[in-house]
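**Q** Based on these hints, arrange chain B on the given structure of chain A.
Read top to bottom, the protein sequences are chains A and B.
Numbering of the first sequence is given in the working numbering, commencing with residue 711 and proceeding in unit increments.
Numbering of the second sequence is given in the working numbering, commencing with residue 34 and proceeding in unit increments.
Think of the hints as simulated: they come from the structure by calculation, not from any bench.
Hints are supplied without guarantee of correctness; some may be wrong.
Said to hold, decoys possible - A few chain B positions that, by computed beta-carbon distances, are all more than 12 Å from chain A:
| # | residue |
| --- | --- |
| 1 | Glu130 |
| 2 | Leu384 |
| 3 | Ala395 |
What the hints assert, rightly or not - Taking lysine to any residue and the SDA-like style, the derived pairs with C-alpha atoms no more than 25 Å apart in a straight line are:
| # | chain 1 | residue 1 | chain 2 | residue 2 |
| --- | --- | --- | --- | --- |
| 4 | A | Lys920 | B | Ile158 |
| 5 | A | Lys920 | B | Asp404 |
| 6 | A | Lys920 | B | Glu402 |
| 7 | B | Lys256 | B | Ala390 |
| 8 | B | Lys380 | B | Ile158 |
| 9 | A | Lys920 | B | Ala390 |
Unchecked claim - In silico negatives: residues of chain B with every beta carbon more than 12 Å from chain A:
| # | residue |
| --- | --- |
| 10 | Asp69 |
| 11 | Arg236 |
| 12 | Asp246 |
| 13 | Ile305 |
| 14 | Arg320 |
| 15 | Ala398 |
| 16 | Ser403 |
We put the beta carbon where it would ideally sit given N, CA and C, even for glycine.
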Amino acid sequence: VEFGGGGRSFWESVVIAEELQYGGVHTSSTAVRVVGPTLMIAGSDAQRARFLPAIARGEIDFALGYTEPGAGSDLASLQTRAVRDGDSFVINGTKIFTSMAHRAEFCWLAARTDPQAPKHRGISLFIVPLSSPGITVRPLYTMAGGRTNVTYWDNVRVPVDALVGEENRGWYYMTAALDFERLAYYTPGTAQYLAEQLLAYIRAPGNEQKRRDPQVRAALVRVATELLICRLLYRRAAWLVSQGIVPNYEAAMSKMFTTELEQRIPQVGTRALGPYGQLEPGDPAAPIGGLMELEHRHGVYKTFGGGSSELMRTIIATRGMGLPRA
Amino acid sequence: MDLALTEQQRIMIDTARAWLRERWPLAVAGPWLDSDEPLPHTLWDEIATLGWLGLSLSEPVGVGGDLLDLVLLQEELGRALFPSTFASTLLFARLVERVGLVNEPWQDRLRLIASGAALGTIALIEEDGRFVTGVPQTRAVQGAHGWRLRGEKWFVRDADTAQWLAVLASGGDGAVGWAFVARDAPGVSCIPLRSTGRDRQYRVRFDDTPVADMVLAREGNKKDIIDRVRAEAMVLECAYLVGVAAEAHAMTVRHATERVQFGRPVGTFQAIQHKVADMTTDLESSRLVTHYAATRIDRPRALIEAMYAKLWTSEAVQRVLREAHQIHGGIGYIIEHPLHRYFRRAKTGELMFGAPAELTEALAAAVMESDDSCLP
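The following block holds chain A by itself, in its conformation from the complex:
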């Protein structure tokens, strides 16, 4: 409340996020889900006073500067350097999939500050204005028609107070935030919306033949069942958070299940529509405005963005069930 927020629980915020995603609104921004919570834990008083009220008012947004061309699933191997020079850090490197970098005001950047330390212990977090000299943002267009970016960092200079928390402790802040991020970015709202749209179409007058098709019926029951499971896995993880427990493998399970379901629904949906299922949005003959075709393409990134399904399974097995690491 003191920083201009509502003072509500995480539980309330996930319910709101779910509703918003159901409405097709992507408000689970990096600012709200990653920057805000991390600053509450690790930020300086000056950083909190400067950024939190603006985040709460929705005035500023952040691009997430984690992934690099050589550091995807193995995020801790990132190579972008931040070198101390007097009262500044000087940043050099390349970040990729910096979505929103062409629209946001700041970048929430992970950079290597100690190349001699083990890879997890030499990373620090910075808040960098994207208007800083030396940052070049180039577009990458995706197969779903959206835009992300690659950003080049050429001797970008930030004052030392851009550092978040302790130097070289960045990885710990990042991983703590990742568990929350998985819950915030991947709610059951999208799957619920897709399932309801598909079902409404099949139930509409004129589609009796599809409605009687045993394969369509079985597929829709499967979707409905998995939708319930998706919601329960999500709520379980959110409930753990509300109890003050870090939901590390439970959030991974929720993310994995939700995103895989978000791919299965358009797969089932396009098939249920027969040849009409291939028609894109914009074609007047496309059922449900081409939603199933669009989501079939759009959903491809979900099982690797924000931590791949394979990584999620490894987390469940090792962190969750205690299987030995390789």
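**A** Below, chain B without anything else, positioned relative to chain A:
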């Protein structure tokens, strides 16, 4: 959503685990499952003393606990492969309470059940195998000397040891209801079935059998007295299956940690880790959906929620057992290893009380044709 267990529930689970470890270890359970022996009666006295039989019955016979308490207990019983008699008897006793048989003889019978001196079971399924959508061909006919029952029920658990059976029957003019029948009444005969789960199932024939009490569903209370029993039976079977899967999962994690091949524990291989991750997801989601259905048992959509839970849990537990065997390899295929008992019981649980094909079609009808969409 509140997933926290109460202190009382935690104590109950701990007590159940300790008692089952002591009195129903696999060394005892295995030979019993392989035999045709009836349930040892001393065990039943102990269960009554532990308070399990009165747990979910109304006062003054019981302590008025809810279905979730039974669900928690059922999971422990599933882990230990304890006989289905517990669930059969409680489904029966809860039905007696629900249909409002409150007269003195039934109060006495319920007291006997709660004290461990009597058992009951429910008989819903007929030759067509349907559980949720079946229309009973078994007929109760009212004559000069009360109701008489004719027909045959299939897949009746624990019919031979029960003193009382609740039999779903038609009462003429399209009415359906429960015929409460004494096991030793004239014209009752039991033929054992040989189930893969080695639970005790029977075909039960009724040949002009006198009915002790007949309770017909009236217009409007079919949900309360028939669908409710179906929902409770599905939820309790799910809970047992969660226990079955939990034990198979635990064995598998242990095995993957200890078994060394290529110079390292097989659990370090990602191919194994990812199977374990999927088993974990199947197990934990089954538990969540079972508890979800149990806590919504008093709502109008209880039967739908129970069908979703049963459909998901049945199939998820099949996957858990399949991967458990795959990860165990040859040793799990050997009869001395207990895994095959869990594998067997999982299949019975999948097909009893609503097999996937029937549930899929029943849910499809709800999703496609009902007024509200019945999406979860």
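**Q** With reference to the structure, classify each hint as holding or not holding.
**A** These are the hints, each one checked on the structure:
1. Glu130: 29 Å, holds
2. Leu384: Holds, because the least Cβ-Cβ distance between Leu384/B and chain A comes to about 17 Å, which exceeds 12 Å.
3. Ala395: 9 Å, violated
4. Lys920/A / Ile158/B: It is violated: about 31 Å lies between the C-alpha atoms, which goes past 25 Å.
5. Lys920/A / Asp404/B: This hinted pair holds, its Cα atoms lying about 18 Å apart.
6. Lys920/A / Glu402/B: 13 Å, holds
7. Lys256/B / Ala390/B: 22 Å, holds
8. Lys380/B / Ile158/B: Roughly 17 Å separates the two Cα atoms, so the pair holds.
9. Lys920/A / Ala390/B: 19 Å, holds
10. Asp69: Asp69/B is indeed farther than 12 Å from all Cβ atoms of chain A, at 37 Å.
11. Arg236: Given a closest Cβ separation of 30 Å, the condition holds.
12. Asp246: Asp246/B is indeed farther than 12 Å from all Cβ atoms of chain A, at 37 Å.
13. Ile305: Nearest chain A Cβ is 8 Å from Ile305/B, so the label is violated.
14. Arg320: 9 Å, violated
15. Ala398: 8 Å, violated
16. Ser403: 10 Å, violated
When each numbered hint is compared with the structure, violations occur for hints 3, 4, 13, 14, 15, 16.
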